[in-house]
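Participant: Sequences and hints are given; from them, build the entire structure.
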Amino acid sequence: MTGAPYDLVVVGGGPAGVAGALTAALAGLRVALLDSGARLGGQYFRHAAVPEREPGLDRFLLQARLLDGRADVLTRHQVWNVSREPGGDLTVHALTRDSSGERPVTLRARRLLIATGAHDRPLPFPGWDLPGVLTAGGAQALLKGGGVLAGRRVVISGTGPFLLPVASGLARAGAAVLGVYEANGGLGLARHPLLALGKAGEAAAYAAALARHRVPYRTRHAVIAAHGEREVEAVTVARLDPDWNVLSTRIVGCDTLAVGYGFVPQIELGTQLGCETRGDPDGSPVLRVDAAQRTSVPGVWAAGEPTGVAGWRQAEVEGRIAGRAIVGEARPIARRGPDGVLLRRRRQWRAFGEALQRAYPVRPGWQSWLRDDTLVCRCEEVPLARVREALELGATDARSVKLLARPGMGWCQGRVCGYAVSCLAGEAPRPPRRPVAQPVTLGALAEAAPEDSPDEAAQ
Amino acid sequence: MSDVIVVGAGVVGAACAYYAARAGLDVTVVDRGPVAGGTTGSGEGNVLVSDKEPGPELELAMLSNGLWRALAEHGGFEFEPKGGLVVAETDEIQRRLTELAGKQGVEHAMVSGAELRDYEPHLAEGLAGGVYYPQDAQVQPMLAAASLLRHGAESFGRGTLRLRLGVTVTGVLRSGGRVTGVRTSQGDVLGDAVVNAAGTWGGEIAALAGVELPILPRRGFILVTEPLREPLIRHKVYTAAYVTNVASDSAGLETSAVVEGTPAGTVLIGASRERVGFDRTTSVPVLARLAEQAVALFPALREVRAIRSYCGFRPYCPDHLPVIGADPRVPGLYHACGHEGAGIGLAPATGHLLAQLLAGERPDLDLRPFRPDRFSEEAA
Ligand SMILES: Cc1cc2nc3c(=O)[nH]c(=O)nc-3n(C[C@H](O)[C@H](O)[C@H](O)COP(=O)(O)OP(=O)(O)OC[C@H]3O[C@@H](n4cnc5c(N)ncnc54)[C@H](O)[C@@H]3O)c2cc1C
Ligand SMILES: Cc1cc2nc3c(=O)[nH]c(=O)nc-3n(C[C@H](O)[C@H](O)[C@H](O)COP(=O)(O)OP(=O)(O)OC[C@H]3O[C@@H](n4cnc5c(N)ncnc54)[C@H](O)[C@@H]3O)c2cc1C
Numbered sequence: 001m002t003g004a005p006y007d008l009v010v011v012g013g014g015p016a017g018v019a020g021a022l023t024a025a026l027a028g029l030r031v032a033l034l035d036s037g038a039r040l041g042g043q044y045f046r047h048a049a050v051p052e053r054e055p056g057l058d059r060f061l062l063q064a065r066l067l068d069g070r071a072d073v074l075t076r077h078q079v080w081n082v083s084r085e086p087g088g089d090l091t092v093h094a095l096t097r098d099s100s101g102e103r104p105v106t107l108r109a110r111r112l113l114i115a116t117g118a119h120d121r122p123l124p125f126p127g128w129d130l131p132g133v134l135t136a137g138g139a140q141a142l143l144k145g146g147g148v149l150a151g152r153r154v155v156i157s158g159t160g161p162f163l164l165p166v167a168s169g170l171a172r173a174g175a176a177v178l179g180v181y182e183a184n185g186g187l188g189l190a191r192h193p194l195l196a197l198g199k200a201g202e203a204a205a206y207a208a209a210l211a212r213h214r215v216p217y218r219t220r221h222a223v224i225a226a227h228g229e230r231e232v233e234a235v236t237v238a239r240l241d242p243d244w245n246v247l248s249t250r251i252v253g254c255d256t257l258a259v260g261y262g263f264v265p266q267i268e269l270g271t272q273l274g275c276e277t278r279g280d281p282d283g284s285p286v287l288r289v290d291a292a293q294r295t296s297v298p299g300v301w302a303a304g305e306p307t308g309v310a311g312w313r314q315a316e317v318e319g320r321i322a323g324r325a326i327v328g329e330a331r332p333i334a335r336r337g338p339d340g341v342l343l344r345r346r347r348q349w350r351a352f353g354e355a356l357q358r359a360y361p362v363r364p365g366w367q368s369w370l371r372d373d374t375l376v377c378r379c380e381e382v383p384l385a386r387v388r389e390a391l392e393l394g395a396t397d398a399r400s401v402k403l404l405a406r407p408g409m410g411w412c413q414g415r416v417c418g419y420a421v422s423c424l425a426g427e428a429p430r431p432p433r434r435p436v437a438q439p440v441t442l443g444a445l446a447e448a449a450p451e452d453s454p455d456e457a458a459q
Numbered sequence: 001m002s003d004v005i006v007v008g009a010g011v012v013g014a015a016c017a018y019y020a021a022r023a024g025l026d027v028t029v030v031d032r033g034p035v036a037g038g039t040t041g042s043g044e045g046n047v048l049v050s051d052k053e054p055g056p057e058l059e060l061a062m063l064s065n066g067l068w069r070a071l072a073e074h075g076g077f078e079f080e081p082k083g084g085l086v087v088a089e090t091d092e093i094q095r096r097l098t099e100l101a102g103k104q105g106v107e108h109a110m111v112s113g114a115e116l117r118d119y120e121p122h123l124a125e126g127l128a129g130g131v132y133y134p135q136d137a138q139v140q141p142m143l144a145a146a147s148l149l150r151h152g153a154e155s156f157g158r159g160t161l162r163l164r165l166g167v168t169v170t171g172v173l174r175s176g177g178r179v180t181g182v183r184t185s186q187g188d189v190l191g192d193a194v195v196n197a198a199g200t201w202g203g204e205i206a207a208l209a210g211v212e213l214p215i216l217p218r219r220g221f222i223l224v225t226e227p228l229r230e231p232l233i234r235h236k237v238y239t240a241a242y243v244t245n246v247a248s249d250s251a252g253l254e255t256s257a258v259v260e261g262t263p264a265g266t267v268l269i270g271a272s273r274e275r276v277g278f279d280r281t282t283s284v285p286v287l288a289r290l291a292e293q294a295v296a297l298f299p300a301l302r303e304v305r306a307i308r309s310y311c312g313f314r315p316y317c318p319d320h321l322p323v324i325g326a327d328p329r330v331p332g333l334y335h336a337c338g339h340e341g342a343g344i345g346l347a348p349a350t351g352h353l354l355a356q357l358l359a360g361e362r363p364d365l366d367l368r369p370f371r372p373d374r375f376s377e378e379a380a
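So the protein sequences, as listed, match chains A and B.
Position 207 of the first sequence, counting from 1, maps to 207 under UniProt numbering, and the rest follow consecutively.
Position 173 of the second sequence, counting from 1, maps to 173 under UniProt numbering, and the rest follow consecutively.
Simulated from the structure, these hints should not be mistaken for lab results.
In this text, a Cβ means the ideal position worked out from N, Cα and C, and glycines have one as well.
Incorrect hints may appear among the rest.
[To be verified] To spell it out: a stretch of chain B is covered by chain A in this simulated footprint if at least three of its residues, at any positions, have a beta carbon under 8 Å from a beta carbon of chain A; those stretches are: (1) 140–150; (2) 158–168; (3) 348–355.
Facilitator: What follows is the structure, given as structure tokens:
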């Protein structure tokens, strides 16, 4: 560990983290920003499809450029733990890879901004472990490569407004999008929430793109099974009732399936530090923050999806509000409250995010799509039957299902299957307990050992 | 009304319930959480004879070792008779290990420095030697506890063993001095005898009955690696320091390398011990030290990734012995708790002996060293 602590360390280089870091750096704070990706941008901007640019990309790129030179931007750095030192500072434990292998990097910070975004929330169904089945976010990431998708026959399924940008992006990249199947109903394309929010231009552009490429958009439909020998060759598309029970099915041939049922905010750095959480309308645990984006733990702020999923604009606004509050705390003389415009926008986008979550819930009928041998946890290859067995043996919640049947014990630490296991156990997802947020080699971990005697280390 | 109410559905409570049902008693198990959701859900599952000093705990461990083998034959969980290898860094330590092995009277084989790699090909160079204990074994503790309860419920007649989960015990009912059951969040549950198998929370249950049991939490962290394709480690392997740490009275942090593979392909790395109350905050220095010690023992682990870690709170008594037996201060109250870092290993013997008591038989082992009122005598 080297030198004086940073005034602020930001984890996450999406719109929230970059806005927060830039706000603080422009005010003269010593800032470091870490992101596991090779480039800044986060889930939305890192993978923005070229040539037709996503709305907001120019603005984001400008902020990222301004940050360069004003803050230490450490890409390809994965943070696996943040802990509080006895003296009150925070220690940020990260790993980076270079030609000589994996290397630990440890930063000291007076303040932390958690801007770690969210990850896709898949649901299991028969065949979801076949090659060719991707998450919506994964499909979006592939867009970066452009050509990879040209000529592929893609089906998109799940719920939520973010299936649309994925569909139009894929279509523009030259893939044949055979259908977008939205499991929830009612709204349809004409009453899409983006329209309701005055983002009519954006939604209309997606709609136009879908129309131009003759992509059917069907509500109350979902892919409930994928078929194929070695990879996806076809999927079963079902018409659903409002609870997502199957009314009728048909087979659609395809070679790629992208699925997304919402997002799981990544809050484990917060829970490592003991930050309080609350349930978002869709049941996801998120970090509880006050008007200045402060968590319940002193010195720790959060912005963007870890405080609730509401799109990239909200993420950026929250990042700016957090940045200002951090500056205000670090430089009390320069203190000035976040201005009304930001707060108003945050309120508006938060309402939008919550409305989306209510409009696109996950309904219980998906559990009827599973068979006894459907894998619930792919890492540990746990089929539904074993989960049921655990419940019969006396598991009463997701944690005890995990202890008895191992779902969530593997490589991804339950990021993929955690939501489904909670539903199967009949409870809302609980805040994650992941003291090691990302895999770390024992060699790198050993280097974090203090050199003094063990008894001192325990204090 | 049951003959016996067991408070706690951890591995110890499960074993008590199983053996009591087998003895023909009618049992109700209550737990505020799921099966094995307490310390049993954060233990490693070693069934060890190698790490015990000669004395009552070793006798308990030897009895338990045989019982685990018999229980495993019913199926439902894996019992891995993998054997344990204790390694010595120096000749002096090797000499002390030899001396201990001689006194234990447990089956063992002395291993010279040169032979160590026949047992564990990936061990570091330069170790002085070790002792191999073939009886050391491992179970998956959560499944073992759940299977004992399931098996008990299915084998000894309908309704003999009932399980009530999500039920918190809030009081101990008494009539004329005798225990008559427990008060719970879901109403009163009546029984002739109450077995306190609440592990680290055993002191709280005792307090509800008006008696004191000095059981404290002793925190331990475990690191779990990614699953390895080829097993790297065959036995449970630990350094001699483990034995002294287990027996230590220090509240400060103590760590020693305890490394083993599991059927899932992961490697479990322990063991740390510290008395910090019920604090779950992850201590990176502790994890780092565990990693450091494991890598020193098995250099090939350097490139292997830790994917998770968890911690638990061993139920710890000042003299490092469990509390097993009838509480003379409260007729009808029995204890089976305080097994510290060995409750999984010691569970069957505990259940078996307690069931003998409950059924009015003479226990196979002398239970005096484990008696519940021994602490107050010491204080007096
Ligand atoms: C398929 C898809 C389509 C979408 N479409 C839209 C849309 O049309 N409109 C819209 O408004 N929003 C859309 N979104 C949502 C949008 O991506 C998010 O709202 C936005 O990215 C949130 O920004 P953020 O800064 O909170 O997090 P992110 O942009 O996700 O950034 C978080 C960053 O933190 C990094 N990180 C996380 N954990 C660690 C760690 N431990 N160590 C180091 N780095 C870490 C990640 O690598 C990531 O770069 C879409 C999302 C998806 C998946
Ligand atoms: C890191 C670590 C590694 C370990 N490794 C090993 C090992 O390798 N081998 C070994 O033998 N041991 C090991 N142990 C120790 C072992 O886990 C414990 O000794 C053992 O699990 C104790 O079991 P138990 O049934 O007594 O307690 P628990 O499993 O804690 O069960 C007690 C139960 O009582 C319930 N309870 C408490 N209060 C109430 C109430 N008021 N009402 C209702 N229910 C209540 C709890 O919910 C809990 O389920 C380890 C421990 C730790 C922490």
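Participant: Next step is simple, just say for each hint if it's right about the structure.
Facilitator: Going down the list of hints, with the structure as the test:
1. 140–150: That given contact holds, which follows from 6 residues of the region 140–150 of chain B lying within Cβ reach (below 8 Å) of chain A.
2. 158–168: With 3 residues in contact (Cβ-Cβ under 8 Å with chain A), the coverage given for the region 158–168 of chain B holds.
3. 348–355: violated (count 0)
Violated hint: 3 only; the structure is consistent with all others.
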